[in-house]
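Enquirer: Residue numbers (our numbering), protein chains in the order written: chain A, 2 to 289; chain B, 19 to 365.
Just so you know, these hints were derived from the structure itself, not from any lab.
Glycine included, each C-beta is placed from N, C-alpha and C at the ideal position.
Possibly wrong hints are sitting among the right ones.
[Said to hold, decoys possible] Label-pair restraints from in silico Cβ distances: (1) T30/B to R274/A: 53 to 59 Å; (2) I165/A to N164/B: 53 to 59 Å; (3) F95/B to G137/A: 30 to 36 Å; (4) Y163/B to T119/A: 53 to 59 Å; (5) N263/B to F114/A: 20 to 26 Å; (6) I251/A to L301/B: 46 to 52 Å; (7) N263/B to L151/A: 40 to 46 Å; (8) Q304/B to I144/A: 49 to 55 Å; (9) V267/A to N263/B: 44 to 50 Å; (10) I251/A to I294/B: 18 to 24 Å; (11) A149/B to V209/A: 46 to 52 Å; (12) I93/A to N164/B: 49 to 55 Å.
Chain by chain, the residues:
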Amino acid sequence: MDYAAVVIVEILYGISVLVIISAGLAVVFGMMRVINLAHGEFITLGGYAAITAHSLGLPIFISILIVAPVVVAVFGLIVERLIVRFLYGRLINTMLATWGLSLLMIGAMTMIFGNTTTGIPTPISGFTLGRYQMSGYNIFVIIMAIVTVLIVYGVLKTTRAGLIARGAMQNPEMANAFGYNTSRIYMMTFTAGAALSGLAGGVMAPLVGLNPASGANYIAKAFITVISGGTSVVSGMLSSATLFGSVSQIVTFLSTSVIGEIALLVAAVVLLRLLPTGITGRFLKDRV
Amino acid sequence: MIVSGAKEIITTVIVGLVLAYGLPLGIDTFTLTVLSIYALLGLSLGFIWGFGGILCFGQAAFFGLGAYAYAISAINFGTPWIPFFLAIIIPAIIAAIFGGMLFFGRLNDVYLAVLTLVFTLILYKFMNVTAGEEYVIGKARLGGYNGIPGFETLSLPWDPSEYIYGDSLFYFSFTLLLVVYLGLRWLLRSPFGRVMIGVRENELRAELMGYDVRLVKTAVFAIGGGVAGLSGSLYANWAEIVTPNLFSLGQSAEVIIWVIVGGAGTLFGPILGAAIMGYLKFLLGQQSLIDNTLVLGAVLVLAVLLLPRGIFPVIVDAFKRRGWKRRAPANRPPRGRRRRRERRDEQ
């Protein structure tokens, strides 16, 4: 019984991690059809922001939940103005330019923070469940994933800003004709996506040793989650994160974590072969 | 066409001879060897991307597969030449299977790019965990993160004690580069090449004319995989060790950067891009002030924003504009204000 609870929590945790690390990408890709290959480095930057803020004496939850998203949002704003806005509608060029940005950021972070692994201690202590020791922070990650999904869904579905953003993505000319500045809307959406990436970096910081190249650990998983999910931001991300999170955690239980990750990647290749437009390209159409 | 083909072969051979004698005067052959290998790898991606219209983000996978195929079979066979050919054939077959799966599934653009990237990552992760005793192919241990050292390198077929290394490895690699370049040029002139470019230009039209687009793309992808495998096996000979880093994201990114910088859509551009960026990387490796990756990234961003066609086409255009190729000046399209005005009128 306890063991079943542990397994379920672990699977939920696996799904939550996928949701958290792909939320930023899902917003940017799902809404704007922009593929940000520097997404992993955005997350890493969020992690460094949280660690730096914490070492400067700020309380850990402020570092994780406020400093990290704000820093990365500002950075995302700059990137959008300098690079991405010239490339809207040119999917391949955006991918290439952001891949360059990703290398540039890895280089810059190596020069600033050094090629070493750093981290911060986990702020929540563990607890015991029957005979098993559980990590309290994993529960926090699950809660954060739920909160993230609710925020994204809430903003897109219920607020006026979300409505305008969705409208502008569907038909930029029409939005322009109604007097909305589409360039500004694109800018704000990209910044919001960057903020979510920063939040992911902050939340993941106590869990992983952070080094300048650790973005590569996130990018593939975030990507296949978003691409396999298809174009619907929330439902696509949730469905594919659930599928891949379960697959990778179950395989991890049966073998090792690396084999679990490989299973995740293989599952993605097979899924995209079967459903080339992603899960929401076939099912759950017309949802947010 | 036969005349111009002969002219091209002669030009390539002459340019090649000049470079083969000229370059070692300025740069040591150890570096030049790896530049030729990179050029070959760049050429493979330039071919499938620029002429086949297939953007593969994981060309490093076939490069690494070639290197591993060479190393593993060299340990098992003990002779270098069977592995040398296996290192071309195996990546080509894997590319055909993987490519076939993608193209027959009608995957395109982003999905293709992401899946090829994921394919590389799977290999990278897998090769990194193969450190244990149980991961053995024949007599070769895969060695995980440490890679495979100590395999037989290339030697003269008639005299196995004469190893091909140093200067001779450079001339060997450089010759192969020229041969592959001419081979791909010939292929592009052949009926298959015409169909391939037709597919790049308009898939639907090619298909309506009765060509099997999926088959053509798979074949192109396999050829690219074979060339990348060849460069991988040469790399294994040059480095005398193969490690999982051959499959890394950075390696894949570099190949893309070479092609972008040199100019996709030409065969010579990727070679030029690989040589320039490879040498830049070599120079940057000698100083510790600026991080290598930072410069590569900045070059890629700037190239996409400012020079999306690459260096080589721009150079060619510049020469043409100066009347280097003598054409009747009256036919030349007007430039500057007049051109802009005409363009506006056309719209």
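Enquirer: None of the hints should be skipped; say for each whether it holds.
Expert: Here is what the structure says about each hint:
| no. | hint | verdict |
| --- | --- | --- |
| 1 | T30/B to R274/A: 53 to 59 Å | 40 Å, violated |
| 2 | I165/A to N164/B: 53 to 59 Å | 55 Å, holds |
| 3 | F95/B to G137/A: 30 to 36 Å | 56 Å, violated |
| 4 | Y163/B to T119/A: 53 to 59 Å | 22 Å, violated |
| 5 | N263/B to F114/A: 20 to 26 Å | 22 Å, holds |
| 6 | I251/A to L301/B: 46 to 52 Å | 49 Å, holds |
| 7 | N263/B to L151/A: 40 to 46 Å | 41 Å, holds |
| 8 | Q304/B to I144/A: 49 to 55 Å | 50 Å, holds |
| 9 | V267/A to N263/B: 44 to 50 Å | 22 Å, violated |
| 10 | I251/A to I294/B: 18 to 24 Å | 48 Å, violated |
| 11 | A149/B to V209/A: 46 to 52 Å | 21 Å, violated |
| 12 | I93/A to N164/B: 49 to 55 Å | 36 Å, violated |
When held up to the earlier numbered hints, the structure conflicts with 1, 3, 4, 9, 10, 11, 12 and fits the remainder.
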